[in-house]
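**Q** Here is how the chains run, residue by residue.
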Amino acid sequence: MFQIECPYCGARDEREFHFGGEGHLVRPGESVDDESWAQYLYFRDNPKGVHFEQWCHRFGCGTWFNIARDTVTHEILRVYPITDSRPERKSA
Amino acid sequence: MSRYSIWNIARHAASGHRRWAPAWRSPEAKKRYDVVIIGGGGHGLATAYFLASQHGVTRVAVLEKGYLGGGNSGRNTQIIRSNYFYPESAAFYDRSLKLYERLPRELNFNLMLSQRGVLTLAHSRHDMEANRRWFNSVKLNGVDAKLMSREDIARIAPSLNLDSHYPVLGGFLQPRGGIVRHDALTWALARGADSLGVDLLQQCEVTGIEVEHDRVQAVQTTRGRIATGKLALVAAGHSSILAKMAGFRLPVTSMPLQAMVTEPVKPVLDTVIMSGAVHAYASQSDRGEIVIGGGADMHHSYAQKGSVLTYRINARAILELFPWFSRLKIMRHWAGIVDITPDTTAILGKTPVEGIYINCGWGTGGYKAIPAGGETLAHTIAHDRPHPLVEGFNLERFYTGALIDEGAAAGVAH
Ligand SMILES: Cc1cc2nc3c(=O)[nH]c(=O)nc-3n(C[C@H](O)[C@H](O)[C@H](O)COP(=O)(O)OP(=O)(O)OC[C@H]3O[C@@H](n4cnc5c(N)ncnc54)[C@H](O)[C@@H]3O)c2cc1C
Ligand SMILES: [Zn+2]
Numbered sequence: 000m001f002q003i004e005c006p007y008c009g010a011r012d013e014r015e016f017h018f019g020g021e022g023h024l025v026r027p028g029e030s031v032d033d034e035s036w037a038q039y040l041y042f043r044d045n046p047k048g049v050h051f052e053q054w055c056h057r058f059g060c061g062t063w064f065n066i067a068r069d070t071v072t073h074e075i076l077r078v079y080p081i082t083d084s085r086p087e088r089k090s091a
Numbered sequence: 000m001s002r003y004s005i006w007n008i009a010r011h012a013a014s015g016h017r018r019w020a021p022a023w024r025s026p027e028a029k030k031r032y033d034v035v036i037i038g039g040g041g042h043g044l045a046t047a048y049f050l051a052s053q054h055g056v057t058r059v060a061v062l063e064k065g066y067l068g069g070g071n072s073g074r075n076t077q078i079i080r081s082n083y084f085y086p087e088s089a090a091f092y093d094r095s096l097k098l099y100e101r102l103p104r105e106l107n108f109n110l111m112l113s114q115r116g117v118l119t120l121a122h123s124r125h126d127m128e129a130n131r132r133w134f135n136s137v138k139l140n141g142v143d144a145k146l147m148s149r150e151d152i153a154r155i156a157p158s159l160n161l162d163s164h165y166p167v168l169g170g171f172l173q174p175r176g177g178i179v180r181h182d183a184l185t186w187a188l189a190r191g192a193d194s195l196g197v198d199l200l201q202q203c204e205v206t207g208i209e210v211e212h213d214r215v216q217a218v219q220t221t222r223g224r225i226a227t228g229k230l231a232l233v234a235a236g237h238s239s240i241l242a243k244m245a246g247f248r249l250p251v252t253s254m255p256l257q258a259m260v261t262e263p264v265k266p267v268l269d270t271v272i273m274s275g276a277v278h279a280y281a282s283q284s285d286r287g288e289i290v291i292g293g294g295a296d297m298h299h300s301y302a303q304k305g306s307v308l309t310y311r312i313n314a315r316a317i318l319e320l321f322p323w324f325s326r327l328k329i330m331r332h333w334a335g336i337v338d339i340t341p342d343t344t345a346i347l348g349k350t351p352v353e354g355i356y357i358n359c360g361w362g363t364g365g366y367k368a369i370p371a372g373g374e375t376l377a378h379t380i381a382h383d384r385p386h387p388l389v390e391g392f393n394l395e396r397f398y399t400g401a402l403i404d405e406g407a408a409a410g411v412a413h
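As they're listed, the protein sequences go chains Z and W. Numbering that gives the first Met the number 0 applies: residue 0 is where the first sequence begins, and numbers increase by one. Numbering that gives the first Met the number 0 applies: residue 0 is where the second sequence begins, and numbers increase by one.
Just so you know, these hints were derived from the structure itself, not from any lab. Fair warning: there could be bad hints in the mix.
[As the list claims (entries may be wrong)] Subject to a maximum C-alpha distance of 30 Å in a straight line, what follows is the list of computed DSS-like cross-link-like pairs (lysine-lysine):
#, chain 1, residue 1, chain 2, residue 2
1, Z, K47, W, K349
2, W, K229, W, K29
3, W, K243, W, K29
4, W, K265, W, K328
5, W, K64, W, K265
6, W, K229, Z, K47
7, W, K304, Z, K47
8, W, K64, W, K328
9, W, K328, Z, K47
10, W, K64, Z, K47
11, W, K30, W, K265
12, W, K29, W, K265
Taking the hints into account, I'd like the entire structure generated from these sequences.
**A** See the structure below:
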């Protein structure tokens, strides 16, 4: 179990949060081919290391936000607003 | 390979069982193989065994970064069944179950196959309707199944609490489903493959894949470079990493799935009990331990250890069904990294790179699939064309939309 720093409420138990999968996925335009559409819908980076992902403080303030988390150590390297763009890997 | 038999046990007893030969060799890596398989779990070993036994392809190496069966194949709860909803899945998983019935003899290894039945519980009117629909589909697919009333369930599972917060109203049983000892399966396949000439290379981690002109050339490993014309990626939760080395992406996410066992008790449970609504399942091992599983951790992870949160949720869930388990101590608790696809159907077949084949995406339920997964991948590699049983499991289905959404239909647990 880990704690997550909600940008609004501060550090809370993992159990209060809902995981929303990889962040920064950009929906392509309507005219893209099937392959690009599938890449957007289904294909993921799934890295062993730093992962940029969305969480929601579901049993709290309800805010959606982004975090950068290490998928091996579970260390949370950065918490940032849902509207921010994906950080450079180094600065995470 | 020296056969295992009662005569051989008697013969070796005379020398105090000190002269048994190792079950497989530990060879040096060769410079080149016809087929290289990455991943020494059940699916990788079964692929090697069937390549050699059914296709005569024996210049094969299985590369395992740790020890054989150290991944999910040695971490699962051993449940086998074929009561799937869609015809593609049912045909595949029933082939696998039939192979499980045949393999102990073929491999000369006691897999401790126990077809004790897998019982799926229904806890509400909606569950009952969904169960009946599922049951009908299973029957139409030609697989054995039996609808069970509350009374039937009370008779076969007297230790189950029928009047919990979510009362048990009925269920359905697959009598041919059950349990197979997981270590025995990997060891038997390893021994079988080795005896046909396959090189099993442990402590051999793949760190790079050489691709030229969209064709695989070789792999780089911690035991040196190994050239090959055909490469199979069979690495469960680590598939995305290998795919990236070869230059493509997968529709897979890696998450921990946990299980736990209690201290041993006298026999109390002789079926496998699963509940989708409560989201937990249990069976009792030969040693008397209660083996318990539930839902996966809900975030990406490669840590091979589950969150205490999920562990608690799973423990609480199983206590709904068996309140008396609360008196038992948990002895061990662990996690494996499972490879989840969007439609919870596996990915088995060719990839965008010529000469690279893949077998992954089994998620929380690919132990039961090992014999057929190996058999069909071996066929796909040998003929460079998908085996008919797995044509629908291809990677292109995510482009064409021909998904096999087994998760929703069968409430896929394990
Ligand atoms: C807790 C738990 C309970 C489960 N219960 C059930 C169940 O009851 N019934 C069921 O049907 N299924 C169950 N499953 C799922 C099942 O265990 C898996 O689907 C199945 O074992 C996958 O087999 P595999 O051979 O593909 O993968 P694995 O056995 O994980 O083998 C993959 C191997 O690849 C190796 N590897 C990875 N990267 C590299 C590299 N770079 N170089 C070399 N080697 C590498 C790994 O070390 C590993 O040994 C469960 C899983 C878990 C975790
Ligand atoms: Zn909050």
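**Q** For each hint, tell me whether it holds in the structure or not.
**A** Evaluation of the provided hints:
no.: 1; hint: K47/Z / K349/W; in the structure: holds, 24 Å
no.: 2; hint: K229/W / K29/W; in the structure: holds, 15 Å
no.: 3; hint: K243/W / K29/W; in the structure: holds, 25 Å
no.: 4; hint: K265/W / K328/W; in the structure: holds, 14 Å
no.: 5; hint: K64/W / K265/W; in the structure: violated, 38 Å
no.: 6; hint: K229/W / K47/Z; in the structure: holds, 26 Å
no.: 7; hint: K304/W / K47/Z; in the structure: holds, 14 Å
no.: 8; hint: K64/W / K328/W; in the structure: violated, 33 Å
no.: 9; hint: K328/W / K47/Z; in the structure: violated, 34 Å
no.: 10; hint: K64/W / K47/Z; in the structure: holds, 16 Å
no.: 11; hint: K30/W / K265/W; in the structure: violated, 53 Å
no.: 12; hint: K29/W / K265/W; in the structure: violated, 50 Å
In summary, the structure is inconsistent with hints 5, 8, 9, 11 and 12 from the numbered list given earlier, while agreeing with the others.
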